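Kindly produce the complete structure, drawing on both the sequences and the hints.
There are 2 protein chains.
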Amino acid sequence: MKTNLPKERYSQAGPVAPTVMVTCVDARGRPNIITLGMYMPISHDPPQVVIGVSPKRYSHDLIRDQGEFIVNSPGIGLAEKMHICGTKSGRDVDKFKEAGLTPGPARKVRPPLIQECYGHIECEVVNMVTCGDHTLFVGEVVAASIDEDCLRDGKLNLSAARPIAQKNWDYRTLSEK
Amino acid sequence: MKTNLPKERYSQAGPVAPTVMVTCVDARGRPNIITLGMYMPISHDPPQVVIGVSPKRYSHDLIRDQGEFIVNSPGIGLAEKMHICGTKSGRDVDKFKEAGLTPGPARKVRPPLIQECYGHIECEVVNMVTCGDHTLFVGEVVAASIDEDCLRDGKLNLSAARPIAQKNWDYRTLSEK
Numbered sequence: 001m002k003t004n005l006p007k008e009r010y011s012q013a014g015p016v017a018p019t020v021m022v023t024c025v026d027a028r029g030r031p032n033i034i035t036l037g038m039y040m041p042i043s044h045d046p047p048q049v050v051i052g053v054s055p056k057r058y059s060h061d062l063i064r065d066q067g068e069f070i071v072n073s074p075g076i077g078l079a080e081k082m083h084i085c086g087t088k089s090g091r092d093v094d095k096f097k098e099a100g101l102t103p104g105p106a107r108k109v110r111p112p113l114i115q116e117c118y119g120h121i122e123c124e125v126v127n128m129v130t131c132g133d134h135t136l137f138v139g140e141v142v143a144a145s146i147d148e149d150c151l152r153d154g155k156l157n158l159s160a161a162r163p164i165a166q167k168n169w170d171y172r173t174l175s176e177k
Numbered sequence: 001m002k003t004n005l006p007k008e009r010y011s012q013a014g015p016v017a018p019t020v021m022v023t024c025v026d027a028r029g030r031p032n033i034i035t036l037g038m039y040m041p042i043s044h045d046p047p048q049v050v051i052g053v054s055p056k057r058y059s060h061d062l063i064r065d066q067g068e069f070i071v072n073s074p075g076i077g078l079a080e081k082m083h084i085c086g087t088k089s090g091r092d093v094d095k096f097k098e099a100g101l102t103p104g105p106a107r108k109v110r111p112p113l114i115q116e117c118y119g120h121i122e123c124e125v126v127n128m129v130t131c132g133d134h135t136l137f138v139g140e141v142v143a144a145s146i147d148e149d150c151l152r153d154g155k156l157n158l159s160a161a162r163p164i165a166q167k168n169w170d171y172r173t174l175s176e177k
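If you read the sequences in order, they're chains A and B. Just so you know, we're using the numbering used here here: the first sequence kicks off at 1 and counts up by one. Just so you know, we're using the numbering used here here: the second sequence kicks off at 1 and counts up by one.
Mixed in with the good hints there might be a few duds.
For identical chains, the list gives no copy identity; a pair is met inside one copy or between any two copies.
[What the hints assert, rightly or not] Computed cross-link-like contacts, DSSO-like style, restricted to lysine-lysine with a CA-CA straight-line distance of at most 30 angstroms:
| id | residue 1 | residue 2 |
| --- | --- | --- |
| 1 | K2 | K88 |
| 2 | K56 | K2 |
| 3 | K177 | K56 |
| 4 | K88 | K177 |
| 5 | K2 | K155 |
| 6 | K108 | K155 |
| 7 | K155 | K177 |
| 8 | K2 | K108 |
| 9 | K108 | K177 |
| 10 | K155 | K56 |
Hint data in this document are derived by calculation from the structure and do not stem from the laboratory. Computed from a predicted model, the values in this text were never measured in an experiment.
What follows is the structure, encoded as structure tokens:
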């Protein structure tokens, strides 16, 4: 039996979401981290991704003004650190210090990557679209890197990376086959 | 140790993707189904979602021209039927028949919902954005419904719905806690 949902609660009828930790910088190069459930790849050639960020978030204007971000992909072991980055504001704290995460140099953009994450997608903003109460940033991929031991035959090794999927911020990894 | 990826293979450094089955109709009301790994919620108020569709796909012009689609969320038990809907073209076959899926009436739009899926998000197209080799459709949610037994305390029950997450089309459900 199907039951109707109020349309503002539509996401309960949807699939799970990935979770990523996006890094960005302010004008002085000071880095911030935002935990996001709104990420998807969108184009193969040229390589592009999209993320959704609320204008209320501190990172929103950093990404808009500096035009760069990195999508860092966490394994399930980082769930607690992700929660810290998703609930504190970079206006008040240094999230790398607060969460005990390690910044590392990116290849093509100014924001640092998060060493503890298994994968890193470096992006330059090529378009911004207002969609209701969020901004959709379209990022062109300018570099990508991954933990060597999470790659098998050129593909992400799910058993090694243990990527996160969540619904209502209940973090899980994937079932074994 | 981090290793660089060619930027066109960036998605290996990214998180997992959900998988949904989107339904749409042609001008005569004939329905089609497309399996997509590009879906995300984008706005709470007004409720909006985005999907990414290649202009090469038969469903692309149906969604553009008719301005309506439904995001249907499958459980892992539908993996084989999803594969059929992702690899055959609606130009050649009736995918409901081909995959053995059951169309059901939607509340606010013309495309049918897929009865075997646990959730259904009915959308009207409010924006289209070309992002590289794909089109991003922004859909405003006009109705949503869910299998009664997949809802617990107003939220999606992961153990009952068994939603799909995938990387490189390797379908998995989520781990138990």
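Now the hints, each set against the structure:
Taking the shortest Cα distances, K2 and K88 sit within 30 angstroms of each other only across copies (28 angstroms), while inside one copy they are farther apart (38 angstroms). When the C-alpha separation of K56 and K2 is checked against a cutoff of 30 angstroms, the pair qualifies neither within a copy, at 35 angstroms, nor between copies, at 33 angstroms. Proximity of K177 and K56 under a CA criterion of 30 angstroms is satisfied in neither setting, with 40 angstroms inside one chain copy and 32 angstroms between copies. With identical chains, the CA atoms of K88 and K177 are at most 30 angstroms apart between copies only, with a shortest distance of 25 angstroms across copies and 36 angstroms within one.
Within a single copy, K2 and K155 get their C-alpha atoms only as close as 38 angstroms, which misses the 30 angstroms cut-off; across copies the closest is 14 angstroms, which meets it. For the homomeric pair K108 and K155, the shortest alpha-carbon distance inside one copy (23 angstroms) is at most 30 angstroms, but the shortest distance between copies (41 angstroms) is not. With identical chains, the CA atoms of K155 and K177 are at most 30 angstroms apart both within one copy (17 angstroms) and between copies (26 angstroms). Proximity of K2 to K108 under the C-alpha cut-off of 30 angstroms is restricted to the inter-copy arrangement: shortest distance 15 angstroms between copies versus 49 angstroms within a copy.
For the homomeric pair K108 and K177, neither the shortest alpha-carbon distance inside one copy (37 angstroms) nor that between copies (38 angstroms) is at most 30 angstroms. Proximity of K155 to K56 under the C-alpha cut-off of 30 angstroms is restricted to the inter-copy arrangement: shortest distance 25 angstroms between copies versus 36 angstroms within a copy.
In the structure shown, a violation is registered for the earlier hints numbered 2, 3 and 9, in ascending order.
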